[in-house]
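The residues making up each chain are set out below.
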Amino acid sequence: MQLPYPYPLSEIKKLIPVKIITGKSDNITGINEIHKVVEGDLSFVDHPKYYDKCLTSAASVVLINSETVDNPQGKTLLISDDPFRDYNVLVRHFRPFIPIQHNISPTAKIGENTIIQTGVVIGEKVQIGNNCIIHPNVSIYNHTQIGDNVIIHANTVIGADAFYFKRRPEGYDKMLSCGRVIIEDDVEIGALCTIDKGVSGDTIIGQGTKLDNQVHIGHGCVIGKNCLFAAQVGVAGKAHIKDNVILWGQVGVSKSLTIGENAVVLAQSGVPKSLEGNRTYFGSPVGDARSKMKEIAALKQLPDLLKRSRK
Amino acid sequence: MQLPYPYPLSEIKKLIPVKIITGKSDNITGINEIHKVVEGDLSFVDHPKYYDKCLTSAASVVLINSETVDNPQGKTLLISDDPFRDYNVLVRHFRPFIPIQHNISPTAKIGENTIIQTGVVIGEKVQIGNNCIIHPNVSIYNHTQIGDNVIIHANTVIGADAFYFKRRPEGYDKMLSCGRVIIEDDVEIGALCTIDKGVSGDTIIGQGTKLDNQVHIGHGCVIGKNCLFAAQVGVAGKAHIKDNVILWGQVGVSKSLTIGENAVVLAQSGVPKSLEGNRTYFGSPVGDARSKMKEIAALKQLPDLLKRSRK
Amino acid sequence: MQLPYPYPLSEIKKLIPVKIITGKSDNITGINEIHKVVEGDLSFVDHPKYYDKCLTSAASVVLINSETVDNPQGKTLLISDDPFRDYNVLVRHFRPFIPIQHNISPTAKIGENTIIQTGVVIGEKVQIGNNCIIHPNVSIYNHTQIGDNVIIHANTVIGADAFYFKRRPEGYDKMLSCGRVIIEDDVEIGALCTIDKGVSGDTIIGQGTKLDNQVHIGHGCVIGKNCLFAAQVGVAGKAHIKDNVILWGQVGVSKSLTIGENAVVLAQSGVPKSLEGNRTYFGSPVGDARSKMKEIAALKQLPDLLKRSRK
Numbered sequence: 001m002q003l004p005y006p007y008p009l010s011e012i013k014k015l016i017p018v019k020i021i022t023g024k025s026d027n028i029t030g031i032n033e034i035h036k037v038v039e040g041d042l043s044f045v046d047h048p049k050y051y052d053k054c055l056t057s058a059a060s061v062v063l064i065n066s067e068t069v070d071n072p073q074g075k076t077l078l079i080s081d082d083p084f085r086d087y088n089v090l091v092r093h094f095r096p097f098i099p100i101q102h103n104i105s106p107t108a109k110i111g112e113n114t115i116i117q118t119g120v121v122i123g124e125k126v127q128i129g130n131n132c133i134i135h136p137n138v139s140i141y142n143h144t145q146i147g148d149n150v151i152i153h154a155n156t157v158i159g160a161d162a163f164y165f166k167r168r169p170e171g172y173d174k175m176l177s178c179g180r181v182i183i184e185d186d187v188e189i190g191a192l193c194t195i196d197k198g199v200s201g202d203t204i205i206g207q208g209t210k211l212d213n214q215v216h217i218g219h220g221c222v223i224g225k226n227c228l229f230a231a232q233v234g235v236a237g238k239a240h241i242k243d244n245v246i247l248w249g250q251v252g253v254s255k256s257l258t259i260g261e262n263a264v265v266l267a268q269s270g271v272p273k274s275l276e277g278n279r280t281y282f283g284s285p286v287g288d289a290r291s292k293m294k295e296i297a298a299l300k301q302l303p304d305l306l307k308r309s310r311k
Numbered sequence: 001m002q003l004p005y006p007y008p009l010s011e012i013k014k015l016i017p018v019k020i021i022t023g024k025s026d027n028i029t030g031i032n033e034i035h036k037v038v039e040g041d042l043s044f045v046d047h048p049k050y051y052d053k054c055l056t057s058a059a060s061v062v063l064i065n066s067e068t069v070d071n072p073q074g075k076t077l078l079i080s081d082d083p084f085r086d087y088n089v090l091v092r093h094f095r096p097f098i099p100i101q102h103n104i105s106p107t108a109k110i111g112e113n114t115i116i117q118t119g120v121v122i123g124e125k126v127q128i129g130n131n132c133i134i135h136p137n138v139s140i141y142n143h144t145q146i147g148d149n150v151i152i153h154a155n156t157v158i159g160a161d162a163f164y165f166k167r168r169p170e171g172y173d174k175m176l177s178c179g180r181v182i183i184e185d186d187v188e189i190g191a192l193c194t195i196d197k198g199v200s201g202d203t204i205i206g207q208g209t210k211l212d213n214q215v216h217i218g219h220g221c222v223i224g225k226n227c228l229f230a231a232q233v234g235v236a237g238k239a240h241i242k243d244n245v246i247l248w249g250q251v252g253v254s255k256s257l258t259i260g261e262n263a264v265v266l267a268q269s270g271v272p273k274s275l276e277g278n279r280t281y282f283g284s285p286v287g288d289a290r291s292k293m294k295e296i297a298a299l300k301q302l303p304d305l306l307k308r309s310r311k
Numbered sequence: 001m002q003l004p005y006p007y008p009l010s011e012i013k014k015l016i017p018v019k020i021i022t023g024k025s026d027n028i029t030g031i032n033e034i035h036k037v038v039e040g041d042l043s044f045v046d047h048p049k050y051y052d053k054c055l056t057s058a059a060s061v062v063l064i065n066s067e068t069v070d071n072p073q074g075k076t077l078l079i080s081d082d083p084f085r086d087y088n089v090l091v092r093h094f095r096p097f098i099p100i101q102h103n104i105s106p107t108a109k110i111g112e113n114t115i116i117q118t119g120v121v122i123g124e125k126v127q128i129g130n131n132c133i134i135h136p137n138v139s140i141y142n143h144t145q146i147g148d149n150v151i152i153h154a155n156t157v158i159g160a161d162a163f164y165f166k167r168r169p170e171g172y173d174k175m176l177s178c179g180r181v182i183i184e185d186d187v188e189i190g191a192l193c194t195i196d197k198g199v200s201g202d203t204i205i206g207q208g209t210k211l212d213n214q215v216h217i218g219h220g221c222v223i224g225k226n227c228l229f230a231a232q233v234g235v236a237g238k239a240h241i242k243d244n245v246i247l248w249g250q251v252g253v254s255k256s257l258t259i260g261e262n263a264v265v266l267a268q269s270g271v272p273k274s275l276e277g278n279r280t281y282f283g284s285p286v287g288d289a290r291s292k293m294k295e296i297a298a299l300k301q302l303p304d305l306l307k308r309s310r311k
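Protein chains in written order, with the numbering used here: chain P, 1 to 311; chain B, 1 to 311; chain U, 1 to 311.
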């Protein structure tokens with residue numbers, strides 16, 4: 001998330017018990033986890049495996065649990081015994097949870113000719129454009145941004161928290177989300193869909209994209225323009241799906257991968273890693289659809305082949 | 001959809017910019033897309049590939065983008081440069097979107113001993129029979145018809161729009177839905193299910209059928225009597241599933257196919273084309289369950305077979 | 001379910017038309033179906049195949065459709081021509097359906113610092129602990145128990161009826177549910193999840209467990225502590241999933257099985273029978289993940305092997 005103004009590290013130090021190793025910046029303009037970090041941001045790292053990635057990222061300030069690290073870019077370091085915990089303190093400070101007191105928050109902005117049906121709940125600082133229809137019992141969490149000509153069907157949930165936990169000896173510790181959901185113009189979202197907010201960046205549904213019912217889009221996904229996702233598709237966190245991609249029913253997409261433009265993934269397929277565009281895929285895990293069909297045809301002959309091979 | 005009375009084509013001409021080629025009828029009694037068309041209907045076709053199908057269908061009046069077609073039954077033709085667009089204009093005229101102003105529309109009819117729990121939203125002209133229970137936060141769109149002794153669990157959505165789009169160079173163009181959902185007597189529908197309305201005909205859930213939670217039924221499906229669908233089953237548009245069919249958990253069924261009576265489809269299977277009744281199926285794509293089990297057993301021996309074949 | 005006090009069989013006889021064969025008990029302290037029965041309970045059996053199981057169970061009183069059975073423990077028998085029907089009569093008597101009249105029932109107990117967002121519906125005798133957040137439009141059925149520090153995201157449904165039907169010649173007959181859902185401390189449940197109540201016992205979500213969006217947990221499941229279930233996982237009735245189990249996205253788990261501690265089941269897998277703990281699984285049906293990966297790699301070579309074998 002971006003902060004409304006540059007925030008001095010002297011103020012940060014009052015929020016979390018860190019030692020400051022001065023470096024390239026003495027303020028921050030945003031906080032972000034490592035996948036979404038931009039210049040001016042504070043980010044955090046708590047495992048030596050990722051020190052290097054974080055210290056060569058775009059972050060200006062790094063919250064870290066080691067003082068003796070290779071810091072080629074001279075980033076400002078905030079030394080903490082528990083960067084994950086302290087990062088969560090900052091998220092809670094800059095984006096506190098605000099309960100929803102009304103069906104439609106008085107801080108929400110709703111455009112012209114937009115119809116909000118009965119039972120819809122709209123959180124703090126939500127923005128909805130013109131000519132939208134939000135069907136009954138939809139729940140929209142704080143800070144969601146929705147463009148023009150958007151239709152959202154009944155009981156869909158926009159902006160629930162990222163499913164992101166750190167395993168501690170005593171159980172799972174939740175990473176608090178401060179990202180948003182951004183839904184561009186001309187999007188239609190079916191009934192009973194879930195689109196989670198980003199952990200620190202934004203989940204984006206591109207212009208003209210259409211989602212059928214019961215689709216799940218995880219935290220921080222970026223979905224391109226004019227995509228078509230059939231019912232019960234699930235996309236895990238931070239996947240990047242480019243323009244004009246078609247996912248048929250019950251397809252599952254793993255996290256942090258890319259699907260290229262114009263790719264088509266046939267029903268019930270599972271996508272464990274990135275896919276090139278302009279091709280058709282099938283299977284769990286997916287492969288080229290035509291190859292998979294050949295494998296399926298071949299498999300039918302396997303019991304006989306085994307019988308013959310035994311003779 | 002059926003119109004309340006025969007509607008003269010001279011009036012249709014005021015709604016959409018068409019040239020009328022007179023033929024067997026000078027009025028229409030309904031509008032329907034090609035899969036659901038009955039005598040008296042206006043239907044539309046915009047691709048030469050389907051001209052023949054439409055011109056030999058039961059339609060009395062055809063909205064079409066060519067004047068020079070083979071018209072053996074002498075149907076009345078309405079010549080349009082964009083039949084899809086003009087059909088949508090008619091849908092919007094005959095079934096305008098009416099926002100839901102109350103939790104329960106004053107035009108809804110609700111039977112005796114029917115319990116409507118808190119947070120339920122019931123649209124225009126919905127009919128619900130006797131002795132039903134509609135659990136909290138269910139959303140029922142306009143024109144839905146529900147029989148007697150029906151139970152619908154919480155947060156389910158009945159009658160959302162069909163997921164049906166035409167690809168245009170500039171993006172997807174939505175086909176407006178004017179069909180309904182009809183739920184017959186003694187049906188039970190789980191929590192968080194979606195049953196979409198038909199594009200122009202009806203989606204029907206047959207008497208005595210039971211759906212578990214998170215089941216999706218696409219637009220225009222006809223589900224028989226005493227079917228049992230386990231949790232997270234998804235059925236695409238216009239599938240016809242006959243009586244006493246059992247679909248186990250997470251089964252996916254493709255569009256516009258038929259599953260015969262008493263068929264059983266085991267969990268997580270995918271049904272890409274029609275299935276005969278009275279058999280048990282498994283796999284994605286499905287086959288006879290016993291054959292599939294043999295293939296799975298054979299596949300376990302394949303790595304060894306390959307090793308041996310290399311020697 | 002447990003009754004608040006020992007209930008004399010002379011009173012039971014006024015509710016259902018049974019003949020009493022006196023035995024070890026002349027009252028009952030609970031009613032339970034056979035999988036959940038404990039001492040003092042009345043249970044029922046209506047098929048000779050299960051007579052023995054029921055008559056050697058912990059039940060003190062057995063509702064049964066045969067007088068001439070081997071009854072080694074001298075249980076009290078209630079002879080009925082239709083034990084299923086009569087059991088349902090008792091469930092309806094002891095746990096009558098009470099409609100929800102308010103958003104939050106006056107009989108619900110809600111702890112300190114717990115936030116109930118707009119549109120949430122909370123049924124009769126629900127208990128919610130301290131420091132919980134219940135997000136908008138969640139529906140919580142009667143008798144649910146929720147611990148401390150629990151987060152439930154929007155439009156989730158807790159405590160809907162078990163999907164449990166008896167096939168009769170005239171259609172499906174519903175087994176009424178009198179169990180509860182119990183959610184322990186520190187659990188987080190995503191948006192649009194369904195957790196069904198037990199048929200007669202409790203569905204339990206163990207302390208510290210986290211469910212992503214659109215997860216379905218069937219009736220009477222017992223989920224351990226610190227489990228992690230990704231989006232769109234479905235677990236059928238009475239599954240027992242032990243501590244620290246991880247189920248990735250769209251996994252399906254069949255009914256009445258056990259998954260051992262620390263097991264990991266990869267995305268889209270289907271679990272048809274019990275799994276040992278401390279291992280990683282994949283496939284539908286699942287096997288050891290590494291073996292399955294070898295099978296998938298081998299299958300890619302099968303079309304070529306078949307070609308060669310034909311020569």
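Accuracy of the hints is not assured; some may be wrong.
Stated by the list, open to error - Partial list, derived from the structure: chain U residues whose beta carbon lies under 7 Å from chain P:
#, residue
1, 22
2, 23
3, 212
4, 268
5, 272
6, 274
7, 306
8, 310
As the list claims (entries may be wrong) - Among chain P residues calculated to face chain U with C-beta under 10 Å, some are:
#, residue
9, 51
10, 156
11, 194
12, 234
13, 254
Since the hints were made in silico from the structure, they are not lab data. Here a beta-carbon is modelled for each residue, glycine too, at the ideal position from N, C-alpha and C.
Outcome of the hint check:
1. 22: violated (51 Å)
2. 23: violated (47 Å)
3. 212: holds (4 Å)
4. 268: For residue 268/U, the interface hint holds, since the closest Cβ of chain P sits about 4 Å away, which is under 7 Å.
5. 272: Violated - the Cβ of residue 272/U stays beyond 7 Å from chain P, reaching only about 16 Å at its closest.
6. 274: Violated, about 23 Å.
7. 306: holds (5 Å)
8. 310: At 10 Å from the nearest chain P Cβ, residue 310/U fails the 7 Å test, so the hint is violated.
9. 51: Check failed: Cβ of residue 51/P comes no nearer than 26 Å to chain U, outside 10 Å.
10. 156: With Cβ-Cβ at 8 Å, under 10 Å, it holds.
11. 194: Holds. Min distance 4 Å.
12. 234: Holds, because the Cβ-Cβ distance from residue 234/P to chain U comes to roughly 5 Å (cut-off 10 Å).
13. 254: holds (7 Å)
When the structure is compared with the earlier hints, violations turn up for hints 1, 2, 5, 6, 8, 9 and for no others.
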